[in-house]
Structures are given as structure tokens and as C-alpha cells.
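S.K.: Here's the letter readout for the chains.
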Amino acid sequence: MNLWPIFISGLTVGGLTCLAVQGGLLASVIAAREEEDNKEEEKRKHNLWPVALFLTTKLIAYTALGFLLGSFGQALAFTDNVRISMQFIAGLYMVAIALNLLNVHPIFRYALIQPPRFLTRMLKNQSKSKDLFAPAFLGTMTIFIPCGTTLAMEALAISSGSPLLGASIMATFILATMPLFFGLGFLTTTLGDTFKNKFYKVAALVVLYLGITSINGSLLASGSPVTIQSIADNFPIKFAKAQSSGNGNLAKLNPAGEQAVEINVLPNGYSPNRFTVRAGSPVALFLNVADKLGCTSAFRIPSLGISKNLTPSFTDSSIKFTPQAPGSIAFTCSMGMYRGVIEVI
Amino acid sequence: MNIDWDLEDLKGVKSAKTSYGRGECEVEFDEEQVSLEEVIKTIQKTGYGAQIKN
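First to last, the protein sequences are chains W and V. Be aware that the first sequence starts at 1, since it is given in our numbering, and climbs by one per residue. Be aware that the second sequence starts at 1001, since it is given in our numbering, and climbs by one per residue.
There's no promise every hint is true.
[Unchecked claim] Derived DSS-like pairs: lysine-lysine, alpha-carbon spacing no greater than 27 Å straight-line:
hint : chain 1 : residue 1 : chain 2 : residue 2
1    : W       : Lys128    : V       : Lys1017
2    : V       : Lys1053   : V       : Lys1011
3    : W       : Lys128    : V       : Lys1041
4    : V       : Lys1041   : V       : Lys1011
5    : V       : Lys1041   : W       : Lys124
6    : V       : Lys1045   : W       : Lys201
7    : W       : Lys320    : W       : Lys308
8    : V       : Lys1014   : V       : Lys1041
9    : V       : Lys1014   : W       : Lys128
10   : V       : Lys1041   : V       : Lys1053
11   : V       : Lys1011   : V       : Lys1045
12   : W       : Lys124    : V       : Lys1014
13   : V       : Lys1045   : W       : Lys198
14   : W       : Lys128    : V       : Lys1053
15   : V       : Lys1014   : V       : Lys1045
16   : W       : Lys128    : V       : Lys1011
17   : W       : Lys130    : V       : Lys1045
18   : W       : Lys198    : V       : Lys1011
19   : W       : Lys130    : V       : Lys1011
20   : V       : Lys1014   : W       : Lys130
21   : W       : Lys124    : V       : Lys1011
22   : V       : Lys1017   : V       : Lys1045
23   : V       : Lys1045   : W       : Lys124
24   : V       : Lys1014   : V       : Lys1053
25   : W       : Lys124    : V       : Lys1017
[As the list claims (entries may be wrong)] FRET-style restraints, in silico, Cβ to Cβ:
hint : chain 1 : residue 1 : chain 2 : residue 2 : range
26   : W       : Asn2      : V       : Glu1028   : 48 to 56 Å
27   : V       : Lys1053   : W       : Pro115    : 43 to 51 Å
28   : V       : Glu1028   : W       : Lys130    : 25 to 33 Å
29   : W       : Phe118    : V       : Glu1032   : 53 to 61 Å
30   : V       : Lys1053   : W       : Leu76     : 36 to 44 Å
31   : W       : Leu76     : V       : Glu1037   : 48 to 56 Å
32   : W       : Trp4      : V       : Glu1008   : 37 to 45 Å
[As the list claims (entries may be wrong)] Listed below are several chain V residues computed to face chain W (Cβ distance under 10 Å; list not exhaustive):
hint : residue
33   : Gly1021
34   : Arg1022
35   : Ala1050
If you're looking for bench data, these hints aren't it; they were derived computationally from the structure. Built from N, CA and C at the ideal position, the CB exists for glycine as well.
Using the sequences plus the hints, can you model the full thing?
M.R.: Written as C-alpha cells, this is what we have:
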């Protein structure tokens, strides 16, 4: 999974949606501590300590949350179909959040899950606490504060279906939001409303992109005829197909008389990913499997119901089929992230 | 959430309950200690527009 869009969104706008609530809490817990310092006549400027404490516990809490969400996703997804549906729903949820950020319609406000009253009360009390470790507790509790982009990342963590991936998604995002948090004071004074609105729009676009990618991935993985790629393919104006590599030439016959299609299975995709075969004649797939794999290890040909979980470094030549009619047979990884096509003529 | 916190900080406000989904806020306050105007102004300061429902 590509973590860069997650990092970039956290760096630029992810922190902003949470700034309003969390920044206020952090400021008041620092103020509560300063009050205590004044009483003890210690005027040491150590604002850095509560902020650092807050951010550290926040990162740990969110990483743990990501781990839990990924495990939850993994537990739910015991079959491919459930996992694909989960990915689809997570994508829809992210789109709803993006639409709320764009203020498209008030109904999308319901996408932001509000925490129960006892939690918000705890948060408020903690922000007024003079306890030395109040910032730490506060940081941990931020996982209960709903902000648009963070919730979208949490949906992504669930649909990743892996505790490690879920944890990395959340950790990457929260880490990326930290520079913005450090610049807290500067931002709250200089950020005008129109500037803030523009930021929210950018945040919305990033979340929209992630949501649509998720939805499209699930459509690809389920073998749906309607995907962004198929729409682009059928567009009257042909875009440059930067993604596909491979021959338009007909597959050669192997010694057994089968049409040989050789695919390199790499961590970031299948290469080549475009082949041509003849209908009515058997096809044998030869998969050169790299020693490191990503989603690509879960090789699927949805339209043929073929599903193979590949082992790193072990070549696979078990997949054979005979295409009956002309058309396109798509192959993809289980999450629909990487794909290729076998054209049948 | 922010609205409820800022409102409950006001002297005279007994409770505040905002439903972000419905876009409604229910405030219980003592009119002798704080005026409706101040309640609305506080909500506006938090960053939201406010008007009475009924």
C-alpha cells in the first residue's frame, strides 16, 4: 500500500481538521499547568514538555488504534467477498466524509461519529487538570475526538485488513500532522477564515481520492465490469496508456501446445500486464514470483473465479484455462490495487 | 463538542447538548446569570452560526 498520499494529507491538511478541538484542549491543559507554576513561584518556560508529552502519547495511542482496526478488519474478512465489501463500504464512508468537508449537504454531517457524553466530559476535565501527566492522558484520549480526515484514515486502516498495515497507516498520518501541531500558536493567529476554508477543500479532495480509490479497488477485485479503468478504456478518446506494458503480439505456444503467458509478480504490480491470446485454445500462466510481495501475492482472475495465494520466490505454473469468447479477462490483486488484462481475440 | 464545552464554561449555563448531525444545540441556562445573546455570541465565537429554533 502506498503510504505517501496518507503522509502528504496529514502533513498539509490532516492536522487542520482536528486543530480546532485538540488545539483548544492542549492550550487549556498548558494554561492549567502554568497556573500551578505561578503558584509555586516557578516561572520556568517549559511549554515544550506538555506538548511533547501530548504528541508522544497521541502517536502511541493512534498506532495502537490502527493495529486494533487492522485486526478487526482482518477478523471480519475471512472470505474474499466480505473483504471486498468492506473495502467498498470504507470507500463510501470516506467519500461521505469528503462531501461533509466540502459542505455539500448537511446529511453528510452524520459521517462524523460523535463520542458518547461521558467521554467528552472526561476530555474536558482532563484539559483543566493541573496534574503533571494530564497532557499524556489527554494525548491518549484524542482517539475519541472525531475529525474528518482522521476518521477517513481509520476506515482505511480497517479495510487494509492487516494489523501492521493499519498501525502504519495511522502512525504515518499522525506523525505527518505533528509539524502543524507544533506551529499551533502561529497558525491560530495568522490563519484567516478564507485560508482555512481553502485548506478544508484540499483535505476533502485528498479524502475523496482515497475513498474513490478504495471503491474502485473493490470493484476491480470483484470483477465488476464497471471500474475507472474500464470506463477509461472505452472512452472514445484514447488516453496514453502509461500503465500497461507488454506485447500486443499473440502469445507463443509452449512445448505442451498451450498459449504461454509469463507474468512477473513484483511487490508493486504485475509486469508485463497486457497480453493477447486466442479464444478456444488453452492458456497456461507462468508466474515468476519475486521474493518480496505486497497485495500482488493474492492473485485473482475474478471473471474466471481463479484465486491463488502466491509464495514469495516460488514460481507458479498451475493456472490454466481455455478462454471461450473474445473479450478482456482482467487479473488483479485481491484489493484491486494492481491489475493487468488478457485480451482474447 | 467544542460548542458544548465553551457553553458549559459560561456562568449560568447548566447544560449544553449539541447534535452535530442534526445541527441543533439544546442549552439549559439561568436567564438571570446569562442572557440568550451571550449564549449565541459564545457559539459564534466558537466558530458556528446560531439562531433560535422555535
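S.K.: Against each hint, give a clear statement of whether it holds in the structure.
M.R.: Do the hints match the structure? See the list:
For the hint linking W/Lys128 to V/Lys1017, the alpha-carbon distance of about 20 Å falls within 27 Å, and the restraint holds. Annotation: proposed proximity of V/Lys1053 to V/Lys1011 holds, straight-line Cα distance about 23 Å (limit 27 Å). At roughly 23 Å between alpha-carbon atoms, W/Lys128 and V/Lys1041 fall within 27 Å of each other, so this suggested pair holds. Restraint check for V/Lys1041 and V/Lys1011: the C-alpha separation of about 14 Å stays at or below 27 Å, so the hint holds.
Among the hinted pairs, V/Lys1041 with W/Lys124 is consistent with the structure: their alpha-carbon atoms are about 21 Å apart, no more than 27 Å. As the CA atoms of V/Lys1045 and W/Lys201 are separated by approximately 22 Å, the hinted pair is consistent with the 27 Å bound. Distance restraint check for W/Lys320 and W/Lys308: the Cα-Cα separation of roughly 12 Å lies within the 27 Å cut-off, and the hinted pair is therefore satisfied. The suggested pairing of V/Lys1014 with V/Lys1041 holds, with an alpha-carbon distance near 17 Å, which does not exceed 27 Å.
At roughly 18 Å between alpha-carbon atoms, V/Lys1014 and W/Lys128 fall within 27 Å of each other, so this suggested pair holds. The straight-line distance between the Cα atoms of V/Lys1041 and V/Lys1053 is roughly 16 Å, inside the 27 Å bound, and the hint therefore holds. A hinted pair counts as satisfied when its Cα atoms are at most 27 Å apart, and V/Lys1011 with V/Lys1045 qualifies at roughly 16 Å. In summary, the hint linking W/Lys124 to V/Lys1014 is supported, as the alpha carbons are separated by about 15 Å, within the 27 Å threshold.
A distance of roughly 20 Å separates the Cα atoms of V/Lys1045 and W/Lys198; the hinted pair therefore holds under the 27 Å criterion. Taking the CA atoms of W/Lys128 and V/Lys1053, the gap is near 32 Å; set against the 27 Å cutoff, the hint is violated. With a C-alpha separation of about 19 Å, the suggested pair V/Lys1014 and V/Lys1045 falls inside the 27 Å cut-off, and the hint holds. Distance restraint check for W/Lys128 and V/Lys1011: the Cα-Cα separation of roughly 16 Å lies within the 27 Å cut-off, and the hinted pair is therefore satisfied.
The suggested pairing of W/Lys130 with V/Lys1045 holds, with an alpha-carbon distance near 26 Å, which does not exceed 27 Å. Taken as a hint, the W/Lys198 and V/Lys1011 pair is broken in the structure, with Cα atoms around 36 Å apart against an allowance of 27 Å. At most 27 Å may separate the alpha-carbon atoms for a hinted pair to count; W/Lys130 and V/Lys1011 meet this at roughly 21 Å. A threshold of 27 Å between alpha carbons decides the hint, and for V/Lys1014 with W/Lys130 the separation of about 24 Å falls inside it, so the pair holds.
About 16 Å separates the Cα atoms of W/Lys124 and V/Lys1011, which keeps this hinted pair within 27 Å; it holds. Taken as a hint, the V/Lys1017 and V/Lys1045 pair is honoured in the structure, with Cα atoms around 17 Å apart against an allowance of 27 Å. Proposed proximity of V/Lys1045 and W/Lys124 is supported: the alpha carbons are some 18 Å apart, at most 27 Å. The straight-line distance between the Cα atoms of V/Lys1014 and V/Lys1053 is roughly 19 Å, inside the 27 Å bound, and the hint therefore holds.
Between W/Lys124 and V/Lys1017 the alpha-carbon distance is near 14 Å, which keeps this suggested pair within the 27 Å criterion. Checking the proposed 48 to 56 Å range against W/Asn2 and V/Glu1028 shows it holds: the Cβ atoms sit about 50 Å from each other. Our hint of 43 to 51 Å for V/Lys1053 and W/Pro115 is violated, since their Cβ atoms are close to 24 Å apart. Between V/Glu1028 and W/Lys130 the beta carbon distance is about 29 Å. The supplied range of 25 to 33 Å therefore holds.
Taking 53 to 61 Å as the suggested C-beta distance range, the pair W/Phe118 and V/Glu1032 does not conform, at roughly 30 Å. Restraint check, V/Lys1053 to W/Leu76: a C-beta distance of roughly 40 Å satisfies the suggested window 36 to 44 Å. For W/Leu76 and V/Glu1037, the hinted distance range of 48 to 56 Å is satisfied, since their beta carbons lie about 51 Å from each other. Judged by the Cβ atoms, the range 37 to 45 Å given for W/Trp4 and V/Glu1008 holds: they are separated by roughly 41 Å.
A least Cβ separation of about 4 Å between V/Gly1021 and chain W falls short of the 10 Å threshold, and the interface hint therefore holds. Against a cut-off of 10 Å between C-beta atoms, the interface hint on V/Arg1022 holds, since the closest Cβ of chain W lies about 8 Å away. The closest approach between the C-beta of V/Ala1050 and any C-beta of chain W is roughly 15 Å, which is over the 10 Å cut-off, so the hint fails.
Comparing the model with each earlier hint shows violations of hints 14, 18, 27, 29, 35; every other hint is respected.
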